[in-house]
Amino acid sequence: MKGKIVCFASLLAGLAMACNSSKPAEQQTETHSDTPAIAQVSEAPEFRDSVQYDSLSFPDIYDSSFTGRIIYPGVFHGDEVWDDTEGDKWLGLFKGTGKYYVAATPVTVKRVYDVVLDDDSTKEITGREVFAGNKDSCLLLMSRMGEVLQEHDVNAARLPVNIINPGERTTINFNGTTYVLSATGEKRKEEHEERIWNYKLYLSTTKNGKTITQLLTAYPQFDDSMIELMFAGDIDGDGLLDLIIDNSPHYNSTTPTLYLSKPAAANQLLKIMAIHSSVGC
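Per mature numbering (1 follows the signal peptide of the UniProt record, and there is no 0): the sequence shown = residues -18 to -1, 1 to 263.
There are no misleading hints in this set.
Taking lysine to aspartate or glutamate and the EDC-like style, the derived pairs with C-alpha atoms no more than 16 Å apart in a straight line are:
#, residue 1, residue 2
1, K77, D118
2, K71, E129
3, K182, D228
4, K182, E210
5, K244, E129
6, K169, D206
7, K169, D205
8, K182, E150
9, K92, E111
10, K182, D36
11, K92, D65
12, K92, D66
13, K253, D45
14, K92, E106
15, K253, D220
16, K81, D118
17, K81, E133
18, K253, D42
19, K244, D220
20, K182, D42
21, K77, E133
22, K169, D36
23, K171, D205
24, K92, E62
25, K92, E68
26, K77, D135
27, K253, E129
28, K244, E133
29, K189, D220
30, K92, D61
Distance windows between CB atoms, simulated:
#, residue 1, residue 2, range
31, H134, V261, 29 to 37 Å
32, H174, K71, 43 to 51 Å
33, N155, G60, 39 to 47 Å
34, G149, Y95, 41 to 49 Å
35, G78, T195, 28 to 36 Å
36, W64, N155, 34 to 42 Å
37, H134, I107, 32 to 40 Å
Note that these hints are calculated values from the structure, not bench results.
Note that beta-carbon positions come from the ideal geometry of N, C-alpha and C, so glycine has one too.
Starting from the given sequences, assemble the full structure and let the hints guide the process.
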């Protein structure tokens, strides 16, 4: 309900005057009672969004069917970190001096105070902090992907932009191949921000002599958030472009999604290997 229109009737010289309502032809009424008029409350019609939203949301950020796991070092709510995290064999995507690389790394998890969920009166500590055992900056931790990932130096691609709005496109020239990222959807200015809906992000290039355009992500609407490109480069070592995309449609969540080229089908460019969703407060 966007609002209520409150009309106050006052008694003046024996005549009650009803104030104007949002209806253009509202009938005015009179009262001749000696009892003071009671304020009347009428409800405006319920606000209806004129936007027509698509039904497609992709990928499903809560899909639990992915066998791969990804997470980045940091502090999380307790249920956002697996109980057996330390027992997994992890590879990290690291940024070292002048290069990126994938390398094996131990991962440790420490219980920490969750400032949002923990109650001081119970002394319970439910938060979890994830650490990678490598001195270099870790962009992403990856596990349970079989032979798809191996240790190697990573050729990173230059991302001209991190956000692609509807109607925009950007080109990535990588290892002699031209990739085009493009977006469709609708947008308009609303007050002090730009509203985007029915958003779709595509990747296009030539594979085996054929031009392939693949949908990477699609969302009907956002809550003060936007799809963001986090990394582009050869993560799986096959010479082709891989991507890490934050697919969160909500400002209070982060959803890194790993797209790799090596396990992709013949008619696709990338395959989603893992998704991890976490929220702030």
